[in-house]
Amino acid sequence: DVKVTQSSRYLVKRTGEKVFLECVQDMDHENMFWYRQDPGLGLRLIYFSYDVKMKEKGDIPEGYSVSREKKERFSLILESASTNQTSMYLCASSFARGTANTEAFFGQGTRLTVV
Amino acid sequence: AQSVTQLGSHVSVSEGALVLLRCNYSSSVPPYLFWYVQYPNQGLQLLLKYTSAATLVKGINGFEAEFKKSETSFHLTKPSAHMSDAAEYFCAVSDGQAGTALIFGKGTTLSVSS
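Those sequence lines, one after another, are chains E and L. Under the numbering used here, the first residue of the first sequence carries the number 59, and numbering increases by one thereafter. Under the numbering used here, the first residue of the second sequence carries the number 8, and numbering increases by one thereafter.
No lab work stands behind these hints, which were simulated from the structure alone. Fair warning: there could be bad hints in the mix.
[Claimed, not checked] Here are the simulated DSS-like cross-link-like pairs (lysine-lysine), alpha carbons at most 30 angstroms apart as the crow flies: (1) E:Lys128 with E:Lys111; (2) E:Lys115 with E:Lys71; (3) E:Lys129 with E:Lys111; (4) L:Lys113 with E:Lys115; (5) L:Lys65 with L:Lys113; (6) E:Lys76 with E:Lys128; (7) L:Lys65 with L:Lys75; (8) L:Lys65 with L:Lys76; (9) E:Lys61 with L:Lys113; (10) L:Lys113 with E:Lys71; (11) E:Lys71 with E:Lys129; (12) E:Lys61 with L:Lys65; (13) E:Lys128 with E:Lys71; (14) L:Lys113 with E:Lys113; (15) E:Lys76 with L:Lys113; (16) L:Lys75 with L:Lys113; (17) E:Lys61 with E:Lys113; (18) E:Lys129 with E:Lys61.
Here the structure is a predicted model, which means the values were calculated and not measured.
Work out the full structure: start from the sequences and follow the hints.
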């Protein structure tokens with residue numbers, strides 16, 4: 059089975075802290091994604107990466123950055139956490155486009171609270 | 008640009024009743040379409056996917072969906088609801104091309120009463 063593992067299920071951070079959310083996948087997927095989930099807003103794409111060291115902005119990249127130094131690992135960074143970044147963060151991975159296996163596989167999510 | 012609209016943020020059914028969750032999409036190219044389910048405090052799990060093969064797609068847990076190009080719809084159905092089906096359901100679209108990601112709808116919460 060494909061496994062996408064997020065480093066923490068729950069995090070509580072203070073305003074202004076630098077926060078790292080880590081995600082690792084074990085299926086040699088080319089693509090990795092970070093989504094943010096809020097009630098009534100569904101999943102919104104923050105950033106994605108289609109190769110090592112490559113990244114693309116999603117719909118809501120402001121206040122976030124990402125890092126992909128190895129194929130299996132994709133990190134989301136909150137440079138200076140703010141209360142409006144309190145949310146559920148979901149990491150996902152998928153095979154490269156152009157194949158039928160374009161579905162994304164998701165981690166369990168990290169519920170981040172910024173106080 | 009692609010988009011997905013899920014009609015109804017909350018659907019309530021009785022156990023044994025038909026489940027119908029609506030999804031309409033917008034895409035300038037032939038789409039790939041997906042339904043995911045999310046149980047409380049969990050990640051998303053794939054229910055089924057349409058990738059231009061059969062228009063009627065069968066998924067896990069007795070769910071199925073029909074791709075209707077003329078209506079730009081991909082509604083999710085299940086003939087008989089179980090209590091365990093209570094969850095949040097998301098419809099998603101992709102063009103399957105380089106440099107794109109899945110675009111999700113806002114979700115529909117399904118409640119099942121006994």
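Here is how each hint holds up against the structure:
Proximity of Lys128 of chain E to Lys111 of chain E is assessed by CA-CA distance (about 8 angstroms); at most 30 angstroms being required, the pair is judged to hold. Pair hint Lys115 of chain E plus Lys71 of chain E holds up; C-alpha atoms about 24 angstroms apart against a cutoff of 30 angstroms. A hinted pair counts as satisfied when its Cα atoms are at most 30 angstroms apart, and Lys129 of chain E with Lys111 of chain E qualifies at roughly 9 angstroms. Among the hinted pairs, Lys113 of chain L with Lys115 of chain E is consistent with the structure: their alpha-carbon atoms are about 20 angstroms apart, no more than 30 angstroms.
At roughly 23 angstroms between alpha-carbon atoms, Lys65 of chain L and Lys113 of chain L fall within 30 angstroms of each other, so this suggested pair holds. With a CA separation close to 21 angstroms, the supplied pair Lys76 of chain E and Lys128 of chain E stays within the 30 angstroms bound. Restraint check for Lys65 of chain L and Lys75 of chain L: the C-alpha separation of about 15 angstroms stays at or below 30 angstroms, so the hint holds. Taking the CA atoms of Lys65 of chain L and Lys76 of chain L, the gap is about 17 angstroms. The hint holds against a cut of 30 angstroms.
Between Lys61 of chain E and Lys113 of chain L the alpha-carbon distance is near 25 angstroms, which keeps this suggested pair within the 30 angstroms criterion. Distance check on the hinted pair: Lys113 of chain L and Lys71 of chain E sit about 27 angstroms apart at the alpha-carbon level, within 30 angstroms; holds. With a C-alpha separation of about 28 angstroms, the suggested pair Lys71 of chain E and Lys129 of chain E falls inside the 30 angstroms cut-off, and the hint holds. With a C-alpha separation of about 23 angstroms, the suggested pair Lys61 of chain E and Lys65 of chain L falls inside the 30 angstroms cut-off, and the hint holds.
Proposed proximity of Lys128 of chain E and Lys71 of chain E is supported: the alpha carbons are some 26 angstroms apart, at most 30 angstroms. As the CA atoms of Lys113 of chain L and Lys113 of chain E are separated by approximately 25 angstroms, the hinted pair is consistent with the 30 angstroms bound. Distance restraint check for Lys76 of chain E and Lys113 of chain L: the Cα-Cα separation of roughly 29 angstroms lies within the 30 angstroms cut-off, and the hinted pair is therefore satisfied. Straight-line distance between C-alpha atoms of Lys75 of chain L and Lys113 of chain L comes to about 21 angstroms, which keeps the hinted pair within the 30 angstroms bound.
Proposed proximity of Lys61 of chain E and Lys113 of chain E is supported: the alpha carbons are some 22 angstroms apart, at most 30 angstroms. Note on Lys129 of chain E and Lys61 of chain E: the hinted pairing holds, with a Cα-Cα distance of about 14 angstroms set against a maximum of 30 angstroms.
When the structure is compared with the earlier hints, no violation turns up for any of them.
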